[in-house]
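J.: These protein sequence lines are chains A and B, in that order. Following our numbering, the numbering of the first sequence begins with 29 at its first residue and continues without gaps. Following our numbering, the numbering of the second sequence begins with 346 at its first residue and continues without gaps.
Since the hints were derived computationally from the structure, they do not count as laboratory data. Just so we're clear, the structure is a prediction, and the values are computed from it rather than from any experiment. The reader is advised that the hints may include incorrect statements.
[Unchecked claim] Ranges between beta-carbon positions, derived for each pair:
| # | chain 1 | residue 1 | chain 2 | residue 2 | range |
| --- | --- | --- | --- | --- | --- |
| 1 | A | Glu165 | B | Leu470 | 17 to 23 Å |
| 2 | B | Gly601 | A | Gly233 | 31 to 37 Å |
| 3 | B | Pro424 | A | Glu334 | 53 to 59 Å |
| 4 | A | Arg160 | B | Phe490 | 42 to 48 Å |
| 5 | A | Met335 | B | Arg431 | 20 to 26 Å |
| 6 | A | Asp103 | B | Leu594 | 25 to 31 Å |
| 7 | B | Leu594 | A | Lys271 | 38 to 44 Å |
| 8 | A | Asp264 | B | Leu510 | 44 to 50 Å |
| 9 | A | Ala345 | B | Arg431 | 33 to 39 Å |
[Claimed, not checked] Here are the simulated lysine to any residue pairs, SDA-like style, with alpha carbons at most 25 Å apart:
| # | chain 1 | residue 1 | chain 2 | residue 2 |
| --- | --- | --- | --- | --- |
| 10 | A | Lys156 | B | Val443 |
| 11 | A | Lys156 | B | Leu350 |
| 12 | A | Lys119 | B | Asp438 |
| 13 | A | Lys156 | B | Leu518 |
| 14 | A | Lys67 | B | Ala372 |
| 15 | A | Lys119 | B | Gln603 |
| 16 | A | Lys119 | B | Ser347 |
| 17 | A | Lys119 | B | Ala390 |
| 18 | A | Lys156 | B | Ile355 |
| 19 | A | Lys258 | B | Met445 |
| 20 | A | Lys119 | B | Gly523 |
| 21 | A | Lys119 | B | Gly433 |
| 22 | A | Lys156 | B | Leu358 |
| 23 | A | Lys119 | B | Leu555 |
| 24 | A | Lys119 | B | Trp598 |
| 25 | A | Lys57 | B | Leu518 |
| 26 | A | Lys119 | B | Arg606 |
| 27 | A | Lys119 | B | Gly432 |
| 28 | A | Lys119 | B | Phe396 |
| 29 | A | Lys119 | B | Met591 |
[Unchecked claim] Quick partial rundown of chain B residues pointing at chain A, CB under 8 Å, derived from the structure:
| # | residue |
| --- | --- |
| 30 | Ile355 |
| 31 | Arg431 |
| 32 | Leu439 |
| 33 | Pro442 |
| 34 | His515 |
| 35 | Gln517 |
Beta carbons: idealized from backbone N, C-alpha and C, even for Gly.
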Amino acid sequence: MIELNGICKTFRVARRGAGLTRAVRAFVKRDYQVIEALKDVSFRIPDGQMVGYIGPNGAGKSTTIKVMCGVLTPDSGTCVIDGRTPWLERKQHVQHIGAVFGQRSQLWWDVPVGDSMELIRDIYRVDKIDFRTRLDELTELLQLQDLLTTPARSLSLGQRMRCELAASLLHAPRILFLDEPTIGLDAVSKLAVRAFIKRLNQQHGTTVLLTTHDMQDIEALAQRILLIGKGRILLDGTMQDLKAHAGTDKTLIFTYAGDNAPVPGPGMTIREHTPGRLTVAVDTACISVAQAIAQISAQAEITDMEMAAVSAEEMVAGLYREYQI
Amino acid sequence: MSAYLSLFRIRFLHNLQYRTAALAGLATQYAWGFMRLLALRAFYAENPAAFPLTFAQAADYVWLQQAFLALYTMWDYDPDIIESVRGGHIAYDLVRPVDMYARWFATTMARRVARAALRCAPILLVAFVLPDPMRLHLPASMLAFALYVLSTMLSVGVASALTTLVYIAHFQLLNFSGLRLMVAAVVDMLSGFTIPLPFYPQALQNVLNLLPFASMHDLPLRLYSGHIAGMAAVQGVALQAFWLAMLLLVGHWWMGRQLQRVIVQGG
């Protein structure tokens with residue numbers, strides 16, 4: 029159980045303009061800007077839930093994760109994870125959590141991955157037999173066979189991420205924080221990582237909190253979505269809630285024969301028009317999809333028609349616009 | 346404890362792979378050892394009675410210093426630790442159930458011991474077979490040798506604790522080459538690295554001998570040749586233990602404070 033209540037965190041960042049004069053001035057008198065990274069962030073995550081934590085760059089996602097990992101001490105507010113406050117009881121707390129920071133590596137650069145795994149075993153005081161069983165399981169699921177003897181520096185990004193995942197799970201954490209676990213991965217690696225996370229959650233009941241910019245990650249994994257912007261939680265719900273929020277527009281794409289372009293009536297707006305192909309947005313609040321199709325097909329011979337769902341990316345972009353973040 | 350031993354071990358093994366660096370270091374240490382001895386010999390030729398150490402004791406001091414240089418110097422820092430603070434990788438270190446101070450201390454000590462282990466044997470070997478006044482002599486007595494070994498272990502602890510303090514200062518500085526240079530220069534003077542402490546004026550010596558810097562380098566080298574013996578030796582080792590405990594306490598406290606206000610920026 030993760031419970032955050034009114035977490036606030038501000039950073040003081042030294043600012044100066046570019047150029048020599050300003051650099052000299054900044055040397056004498058420094059201007060600081062206070063950045064409110066988190067403003068009154070509160071949420072609860074029950075055991076075994078998979079939560080997608082989304083928001084634009086700089087919204088406060090990583091800061092929240094760092095607070096929950098015990099790396100950062102917030103200015104105010106409480107955070108209780110399995111009965112412990114992370115930054116006060118860091119050592120006991122981190123024994124039960126795992127973390128993957130996609131942009132950094134926890135593997136020792138120059139030594140084979142297997143050595144890193146053993147060091148992590150010693151750090152978490154994992155029993156030798158448990159360690160063997162878990163590593164074997166992870167090796168099979170993530171296909172690490174050949175990677176364990178390779179130094180971390182010679183791994184590809186996808187291989188490294190699989191190793192990172194394995195490394196963060198050796199101590200069987202109850203909670204897993206994933207900060208952009210699929211960043212920079214190719215399609216195959218992304219699918220493998222997603223499938224693995226899903227399985228982990230279903231079989232071991234691990235609570236997973238993941239931040240990502242990849243909406244397909246969210247669609248594939250998250251049972252619940254938290255949207256954060258400018259340090260505030262803006263939306264807390266399911267993918268359906270998100271879709272409902274994103275508006276009532278539907279997109280229709282018509283392919284037609286002949287030179288006479290159909291002219292859409294009220295309730296429809298042209299998104300794109302090339303000869304023989306017309307894309308319109310239908311505002312279902314004022315005209316139904318069936319009516320729109322009937323209207324267009326009355327004007328030209330329609331040879332094909334597709335209805336495009338609004339992609340998760342567009343929905344999120346819409347939300348960002350809506351909340352002006 | 347096993348976690349810190351493992352960290353020690355991986356750092357130690359890691360450092361053993363730098364063979365070229367060890368060879369280069371070896372050449373430097375031979376050169377420095379001879380230079381120092383030649384300079385000292387010129388002084389001693391003038392008036393041997395004017396010096397507090399016999400030339401043989403001075404030779405022992407110089408060779409042991411060069412052989413185990415990596416145990417005492419304040420010029421060598423672990424690039425991984427510096428990078429972890431500068432680049433924010435410390436975020437990962439903090440999600441481990443280990444004490445950050447103990448972790449840095451253990452890896453620092455491993456680095457010193459590994460570097461010394463790689464370099465000491467060839468230097469000791471050559472130092473032992475040199476012609477007489479220049480050579481490294483056997484220890485003054487079994488007791489002196491035992492005290493030397495004990496005191497060396499304590500001095501590695503003191504030196505590592507000092508280095509760890511410099512690492513902690515990073516949290517405030519980020520670019521710390523300036524601090525590093527200053528620390529190296531000051532500590533080299535005060536620890537007897539540049540000039541052995543017995544060569545300083547008596548009044549100054551009385552102060553320097555009490556500082557932690559004497560504990561990290563000067564004391565074991567003088568115990569070996571029996572220049573410090575008896576009650577003074579016991580007191581010296583006790584003082585070392587005191588400084589080690591103090592530095593560990595201060596470092597641990599300071600680290601705790603810094604971690605409260607650490608900010609890891611970016612993704």
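J.: Look at each hint and say if it fits the structure.
T.: For each hint, the structure was consulted:
A C-beta distance of roughly 51 Å is found between Glu165(A) and Leu470(B), which places it outside the suggested range of 17 to 23 Å. A hinted range of 31 to 37 Å holds for the C-beta pair Gly601(B) and Gly233(A), which are about 35 Å apart. A C-beta distance of roughly 56 Å is found between Pro424(B) and Glu334(A), which places it inside the suggested range of 53 to 59 Å. A hinted range of 42 to 48 Å holds for the C-beta pair Arg160(A) and Phe490(B), which are about 45 Å apart.
Taken as a hint, the range 20 to 26 Å is violated for the pair Met335(A) and Arg431(B), whose Cβ atoms sit roughly 52 Å apart. Checked against the hint of 25 to 31 Å, the C-beta distance between Asp103(A) and Leu594(B) comes to roughly 29 Å, which is consistent with it. Look at Leu594(B) against Lys271(A): about 58 Å separates their beta carbons, and that is not inside 38 to 44 Å. For the pair Asp264(A) and Leu510(B), the beta carbons lie near 45 Å from each other, so the given range of 44 to 50 Å is met.
For Ala345(A) paired with Arg431(B), a C-beta distance near 35 Å keeps the hint of 33 to 39 Å intact. Taking the CA atoms of Lys156(A) and Val443(B), the gap is about 19 Å. The hint holds against a cut of 25 Å. Taking the CA atoms of Lys156(A) and Leu350(B), the gap is near 16 Å; set against the 25 Å cutoff, the hint holds. Between the alpha carbons of Lys119(A) and Asp438(B) the distance comes to roughly 11 Å, so the proposed pair stays at or under 25 Å and holds.
For a cut-off of 25 Å, the pair hint linking Lys156(A) to Leu518(B) is broken: about 41 Å separates their Cα positions. Our distance criterion of 25 Å between C-alpha atoms is broken by Lys67(A) and Ala372(B), whose separation comes to about 59 Å. Distance restraint check for Lys119(A) and Gln603(B): the Cα-Cα separation of roughly 16 Å lies within the 25 Å cut-off, and the hinted pair is therefore satisfied. With a C-alpha separation of about 15 Å, the suggested pair Lys119(A) and Ser347(B) falls inside the 25 Å cut-off, and the hint holds.
Distance check on the hinted pair: Lys119(A) and Ala390(B) sit about 61 Å apart at the alpha-carbon level, beyond 25 Å; violated. Straight-line distance between C-alpha atoms of Lys156(A) and Ile355(B) comes to about 18 Å, which keeps the hinted pair within the 25 Å bound. For the proposed pair Lys258(A) and Met445(B), the alpha carbon gap of about 32 Å is over 25 Å, so the pair is violated. At most 25 Å may separate the alpha-carbon atoms for a hinted pair to count; Lys119(A) and Gly523(B) exceed this at roughly 33 Å.
The straight-line distance between the Cα atoms of Lys119(A) and Gly433(B) is roughly 19 Å, inside the 25 Å bound, and the hint therefore holds. Note on Lys156(A) and Leu358(B): the hinted pairing holds, with a Cα-Cα distance of about 22 Å set against a maximum of 25 Å. Annotation: proposed proximity of Lys119(A) to Leu555(B) is violated, straight-line Cα distance about 37 Å (limit 25 Å). For the proposed pair Lys119(A) and Trp598(B), the alpha carbon gap of about 16 Å is at most 25 Å, so the pair holds.
Pair hint Lys57(A) plus Leu518(B) holds up; C-alpha atoms about 17 Å apart against a cutoff of 25 Å. This hinted pair checks out: Lys119(A) and Arg606(B) have alpha carbons roughly 17 Å apart, not beyond 25 Å. Distance restraint check for Lys119(A) and Gly432(B): the Cα-Cα separation of roughly 22 Å lies within the 25 Å cut-off, and the hinted pair is therefore satisfied. The hinted pair formed by Lys119(A) and Phe396(B) fails the criterion: a straight-line CA distance of about 54 Å is larger than 25 Å.
For the given pair, Lys119(A) sits about 24 Å from Met591(B) by alpha-carbon distance, which is consistent with the 25 Å threshold. The criterion of a C-beta within 8 Å of any C-beta in chain A is met by Ile355(B), whose closest approach is roughly 5 Å, and the hint holds. With a least beta-carbon distance of about 13 Å to chain A, the hint placing Arg431(B) at the interface is violated under the 8 Å criterion. For Leu439(B), the shortest C-beta to C-beta distance to chain A is roughly 4 Å, which falls under 8 Å, so the interface hint holds.
For the restraint placing Pro442(B) at the interface with chain A, the shortest Cβ-Cβ distance is roughly 4 Å, inside the 8 Å limit, so the hint holds. Given hint, His515(B) at the interface with chain A, is violated; its Cβ is 16 Å from that chain's nearest Cβ, farther than 8 Å. Because the smallest distance between the Cβ of Gln517(B) and any Cβ of chain A comes to about 13 Å, over 8 Å, the interface hint for this residue is violated.
Against the hints set out earlier in the document, violations occur for numbers 1, 5, 7, 13, 14, 17, 19, 20, 23, 28, 31, 34 and 35.
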